[in-house]
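Participant: Next come the chains, spelled out residue by residue.
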Amino acid sequence: MVDIQAKLKEIGPFVEEPDDDLLVCRCEEVTKGQIRKAVHEGIFTLEEMRRYLRSGMGLCQGQTCGKLVKSIIASELKVSPAEVVPASSRAPMRPIEMCILAEDGGGCDE
Amino acid sequence: MSNVADVVIIGGGINGCAAAYYLAKGGTKSVIVLEASNSIGHGGSSRNGGGVRQSGRDIRELPYAMYGIKNMWPTLSEELGVDTEYTQKGNLRMGKTPEHIKKLEALTKSANSVGLDVRMIDQKEVKEICPYLSDEVIGASWCPTDGHANPLTTTLGYYKRALEMGVKFYTEAPVKSLQKVKGKVRKVILNDGTIFEGETIILVSGYESRAIARTIGVDVPMTRLIDECLVTEMQPHMIDVMFGCASADFYGHQTKHGSFVFGSDSGWETVDEMVDPSTNIPDPSKLITNSMTLSASCRAIQGYIPALKDAKIVRSWCGWLDESFDGVPFLSRVDEAPGLILACGFTGHGFGTAPVVGLMLSQMVQGEETVVDISALQYNRFKPCR
Ligand SMILES: Cc1cc2nc3c(=O)[nH]c(=O)nc-3n(C[C@H](O)[C@H](O)[C@H](O)COP(=O)(O)OP(=O)(O)OC[C@H]3O[C@@H](n4cnc5c(N)ncnc54)[C@H](O)[C@@H]3O)c2cc1C
Numbered sequence: 001m002v003d004i005q006a007k008l009k010e011i012g013p014f015v016e017e018p019d020d021d022l023l024v025c026r027c028e029e030v031t032k033g034q035i036r037k038a039v040h041e042g043i044f045t046l047e048e049m050r051r052y053l054r055s056g057m058g059l060c061q062g063q064t065c066g067k068l069v070k071s072i073i074a075s076e077l078k079v080s081p082a083e084v085v086p087a088s089s090r091a092p093m094r095p096i097e098m099c100i101l102a103e104d105g106g107g108c109d110e
Numbered sequence: 001m002s003n004v005a006d007v008v009i010i011g012g013g014i015n016g017c018a019a020a021y022y023l024a025k026g027g028t029k030s031v032i033v034l035e036a037s038n039s040i041g042h043g044g045s046s047r048n049g050g051g052v053r054q055s056g057r058d059i060r061e062l063p064y065a066m067y068g069i070k071n072m073w074p075t076l077s078e079e080l081g082v083d084t085e086y087t088q089k090g091n092l093r094m095g096k097t098p099e100h101i102k103k104l105e106a107l108t109k110s111a112n113s114v115g116l117d118v119r120m121i122d123q124k125e126v127k128e129i130c131p132y133l134s135d136e137v138i139g140a141s142w143c144p145t146d147g148h149a150n151p152l153t154t155t156l157g158y159y160k161r162a163l164e165m166g167v168k169f170y171t172e173a174p175v176k177s178l179q180k181v182k183g184k185v186r187k188v189i190l191n192d193g194t195i196f197e198g199e200t201i202i203l204v205s206g207y208e209s210r211a212i213a214r215t216i217g218v219d220v221p222m223t224r225l226i227d228e229c230l231v232t233e234m235q236p237h238m239i240d241v242m243f244g245c246a247s248a249d250f251y252g253h254q255t256k257h258g259s260f261v262f263g264s265d266s267g268w269e270t271v272d273e274m275v276d277p278s279t280n281i282p283d284p285s286k287l288i289t290n291s292m293t294l295s296a297s298c299r300a301i302q303g304y305i306p307a308l309k310d311a312k313i314v315r316s317w318c319g320w321l322d323e324s325f326d327g328v329p330f331l332s333r334v335d336e337a338p339g340l341i342l343a344c345g346f347t348g349h350g351f352g353t354a355p356v357v358g359l360m361l362s363q364m365v366q367g368e369e370t371v372v373d374i375s376a377l378q379y380n381r382f383k384p385c386r
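Order-wise, the sequence lines are chains A and B.
Going by the working numbering, the residue at position 8 of the first sequence is 8; the numbering climbs one at a time, nothing skipped.
Going by the working numbering, the residue at position 44 of the second sequence is 44; the numbering climbs one at a time, nothing skipped.
Keep in mind the hints are simulated off the structure, nothing from the lab.
Any given hint might turn out to be false.
Quick list of in silico lysine-lysine cross-link-like pairs, DSSO-like style, CA-CA up to 27 angstroms [what the hints assert, rightly or not]:
{"id": "1", "chain 1": "B", "residue 1": "Lys127", "chain 2": "B", "residue 2": "Lys102"}
{"id": "2", "chain 1": "B", "residue 1": "Lys29", "chain 2": "A", "residue 2": "Lys9"}
{"id": "3", "chain 1": "A", "residue 1": "Lys7", "chain 2": "B", "residue 2": "Lys102"}
{"id": "4", "chain 1": "B", "residue 1": "Lys29", "chain 2": "B", "residue 2": "Lys176"}
Please take these sequences and the hints and turn them into a complete structure.
Facilitator: So this is what it looks like as structure tokens:
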């Protein structure tokens, strides 16, 4: 069980840092500062961060920034990155045109 | 940590978060929200198509759906301090055959009977609203006051505001059962045995509400279905309307970001293997999309909007619908279980109504009259058929 209010109290208020302008998610242009601030608004998991800021929701689907976002959340929460709940990977593995995907008849072809 | 509160809300979806926010806003001192998974909005609330519709709804739902669109959605971004991306540019429900048109005409008639502005339009007018459509679309119903919003930011916006107002949230807190104390529902027991207590308990955990309510002998007639969604890469701005079809082939819209989000199904989806037998709740790691649905969805969408055939799909996902047996939710107190309020059975369209449902839940707790009459949504509206 995670007590969100207790955790927020434990990590204290958001404090600005000099490198907050650093672009972390390049596809969706999300900065380190935005991610750090979101943690203090109660966003503790990668999944929620994606929903809140769109980090990792662009063309590369977080393949580039996933680890970085995770480590920023971890350091803000004062836990090890392994403790941060990861995001799910979803089909398709690479972006595919609608007209190409549409050709797959699945079981109907057999 | 105090486990006792005025209100304990079971389920951290948009309806639970909205109820928590309006309760805090209305002056309720202590509110606790319990969410089974590790993220807020893990259920339908982060998986839906974002439609904020009145058209196509049962007339029992229309009055409050209309209230929310008139009085709540337009100012919600400001109120929550997030961009809900609410866009009110109409809902176009398309038809390709005379049977489709007949169905749309019947829906239009029932919407008109309660004062909703919906009308039938012909192919020419359809093309004026959206030039990208296939010539196979011969007509549509048009509701200019419908629209769409971003379910992700809206759900988390309610959560964030409720947190700021002192509501306590617990994630990874799966509820197993309820218990009465002196005839009143009061105790909420988690899988690990932890006990929370509330003067009022709001059960708003989607389909799982049924299993939880049963632990005090209350049965809520609903079942569970699965629906899938997909999202394209960013496209140039094309269209602001919400799309739907008479045949339910697909629905969706272009988001503010530029990507298109669509929902559809192939009929092959199943949820049974996703349920963890030890807890009876779906295991998120097993929430998998069906291999046939994505392609079937693409065929359906292209059949209406050929202009998108080269758009790349970047992601797909699925989510559950808590399907009530007569298609409208349960939103009521329970005679034989004082202290309990049910809010479930949203049947795949509970996102658009979440603000007003949250507000009415807070009013029910605070002993006020709800903004519209919802007596048609009583839990005991079903009678034996013989
Ligand atoms: C693919 C899809 C498309 C949709 N499209 C639209 C649309 O376009 N427009 C529209 O209006 N609606 C749409 N909907 C429906 C809408 O998403 C839902 O009606 C709405 O999100 C319901 O919100 P909720 O808070 O009641 O439920 P949920 O968001 O499902 O929240 C319930 C929460 O309870 C938690 N929970 C479950 N069991 C327990 C337990 N034992 N203890 C504690 N917590 C528990 C769950 O983890 C979940 O977070 C769609 C749904 C899906 C799946």
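Participant: Holds or violated: Lys127 of chain B and Lys102 of chain B, Cα atoms, limit 27 angstroms.
Facilitator: Measuring from Cα to Cα gives roughly 20 angstroms; hence the hint holds.
Participant: Please verify whether Lys29 of chain B and Lys176 of chain B have alpha carbons no more than 27 angstroms apart.
Facilitator: holds, 26 angstroms
Participant: Taken at face value, is the distance from the CA of Lys9 of chain A to the CA of Lys29 of chain B at most 27 angstroms?
Facilitator: Distance of about 19 angstroms is within 27 angstroms: holds.
Participant: Mind checking the alpha carbons of Lys7 of chain A and Lys102 of chain B for me, to see if they're no more than 27 angstroms apart?
Facilitator: violated, 56 angstroms
Going through the hint list in order, the structure does not satisfy hint 3, though it satisfies all others.
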